[in-house]
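Asker: Chains as they are written, first to last, in my numbering: chain A, 1 to 284; chain B, 285 to 571.
Check before you lean on any hint, since a few could be wrong.
[To be verified] Pulled from the structure, derived: some chain A residues nowhere near chain B, Cβ distances all over 12 Å: (1) Ala103; (2) Ile124; (3) Asp139; (4) His224; (5) Leu283.
[To be verified] A few chain B residues facing chain A, derived, Cβ under 10 Å: (6) Thr314; (7) Thr317; (8) Ala320; (9) Pro461; (10) Arg497; (11) Gly526; (12) Asp528; (13) Gly543.
[Unchecked claim] Covered by chain A, according to a simulated footprint, are these stretches of chain B (three or more residues, beta-carbon under 8 Å): (14) 326-332; (15) 380-393; (16) 531-539; (17) 547-557.
Think of the hints as simulated: they come from the structure by calculation, not from any bench.
Every value quoted in this text rests on a predicted model; they were computed, and no experiment measured them.
We treat Cβ as the ideally placed atom computed from N, Cα and C, and that holds for glycine.
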Amino acid sequence: MYKDIISMDPIIRVKNLTYVYPDADRPALDGVDLDIMPGSFVAVLGSNGSGKSTLAKHLNAILLPKEGKVLVDGMDTIDEGSLLPIRRKVGMVFQNPDNQIVANVVEDDVAFAPENLGVDPKEIRRRVDEALKQVDMYDFRLHAPHLLSGGQKQRVAIAGVLAMGPEVLVLDEPTAMLDPRGRREVVSAAERLCREKGITVLLITHHMDEAVRADRVLVMDRGHIVMDGAPAEIFARAGDLRALQLTVPDTTALIEKLNAAGMSLPSGALTPEACAAAIKEALG
Amino acid sequence: MSLIEIRGLTHVYSRGTPFEKTAIDNIDLTIETGSAVALIGHTGSGKSTLISHLNALLKPDSGTVLLDGEDIFATKAAMRDARFRVGVVFQYPEYQLFEETVAADIAYGPKNLKLPQEEIDRRVREAAAFVGFPEDRFGRSPLELSGGQKRRVAIAGVLAMEPELLVLDEPTAGLDPAGREDLLEKLFVWKDASGGTILLVTHDMSIANRCDRLIVMEEGRIALDGTPEAVFAHSEKLLGIGLDLPAAARIAGLLREQGVAVPQGVYTIDQLAAAILALRGKGGAPC
Chain A
1 MYKDIISMDP IIRVKNLTYV YPDADRPALD GVDLDIMPGS FVAVLGSNGS
51 GKSTLAKHLN AILLPKEGKV LVDGMDTIDE GSLLPIRRKV GMVFQNPDNQ
101 IVANVVEDDV AFAPENLGVD PKEIRRRVDE ALKQVDMYDF RLHAPHLLSG
151 GQKQRVAIAG VLAMGPEVLV LDEPTAMLDP RGRREVVSAA ERLCREKGIT
201 VLLITHHMDE AVRADRVLVM DRGHIVMDGA PAEIFARAGD LRALQLTVPD
251 TTALIEKLNA AGMSLPSGAL TPEACAAAIK EALG
Chain B
285 MSLIEIRGLT HVYSRGTPFE KTAIDNIDLT IETGSAVALI GHTGSGKSTL
335 ISHLNALLKP DSGTVLLDGE DIFATKAAMR DARFRVGVVF QYPEYQLFEE
385 TVAADIAYGP KNLKLPQEEI DRRVREAAAF VGFPEDRFGR SPLELSGGQK
435 RRVAIAGVLA MEPELLVLDE PTAGLDPAGR EDLLEKLFVW KDASGGTILL
485 VTHDMSIANR CDRLIVMEEG RIALDGTPEA VFAHSEKLLG IGLDLPAAAR
535 IAGLLREQGV AVPQGVYTID QLAAAILALR GKGGAPC
């Protein structure tokens, strides 16, 4: 379904966005232009301080532009009357799961936002159940959140956002504090929401193996978007990424070494499976 | 001689309640002086409980820890001694900075050692240099620093104690790739320069790769213990307990499944590239 989006309007439009934190010597965002299509899965890379989180916080009006505009489904974030509808459309999940969970029971936590919005109790029940099922946490609905693993807590946080019925899910380094199993659970849940429910996902990460699963990768540096393309395109530019203090996926590093020694493997083989298949074929 | 010898160590949380949990279960382990050891395991496997015993922050329910052959739980003086000789940097240590200036924060530990001021100053300068924190910023408030710099200051505070064993719990979590590389490099430089011993608790296999020895924990016990080569050969076991393999080991495994004769024990990109190039022209001879 996300393949038909070419004719649609962007769900997020960022135009010439500039933001300067108080007392900062340079802008955190410096004239950023960006359109994000509904239903796409976008990964955002960049070193610490490149502006990724500042950009994310503009998408649901936690921060407001100093210059330029951010439009969510056509609504300007600077317009106070649009604040609630924008926050419902764009849900955010942050790095530390312990800062985002408020209730003593999983399902109460997920119900927290819709309750505050005054949603009808029957409708809340339906949304909470559905949201928990979507992140595969329904069986834990009566558990105490503080006894869950990090990956489970992050999925509860995502369910809490889903219960608002968002169209866009912004995840700001949601896996930084998680173990490998937790990372896989969270990224798979986000990917599934995009592919199956058509929710637009913006994933900020330092993990290249997560970025390779996106449709589109943005690379930020000093408040600018400096690279923008499909994962295969972006990771083919290993030298440029390294110059920006970033790494490439291990698969790319391997293919680079083999090609430097005279093999000719495609740079787009980014997953271990694709990489192994390409090597097998080249060896004949 | 072993720097640390753990004997039959068991720790049970909430004993006698419905939440009773054996976090570590009869662990025996020795750590040699000068080694770099990675402790791996998923959340809840007992890693943090184990390291909290190494400087006597937690007391065992049974078993003990010997530091240079001395039982660290034997007397109050021995426990205090262990706190000074074993430096533990917990996760996200930047949240634990509290002094008014960077210099005062780094000096906090050595001050408690009641060292002369000159010695304290020397240690603060050296520790800051190890983590790459510039002296002209010593007067800053730690709160004004970026996350990466705060983490360096927090680690410098432990290095200033000149520990014999440095234990770090996920030291690179949340850092960008360049920051991760840089910090690791500096830790290994510290180890070589000081003759110290390092225990890194991590989920990140690219960190584990650089250590001499990997210890994998599962449900309070040691599931695997050996060189990276030996441990990464147990790919199914690692994946089964929710851990990752280094990408090179995964690709090597996939190639072997498809009949490409990549040798066992390959776990770095360089080793894998060399193995593949050696097969070139041989038509990827079947195993």
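Asker: Name the hints, by number, that the structure is in violation of.
Answerer: 5, 6, 7, 8, 10, 15
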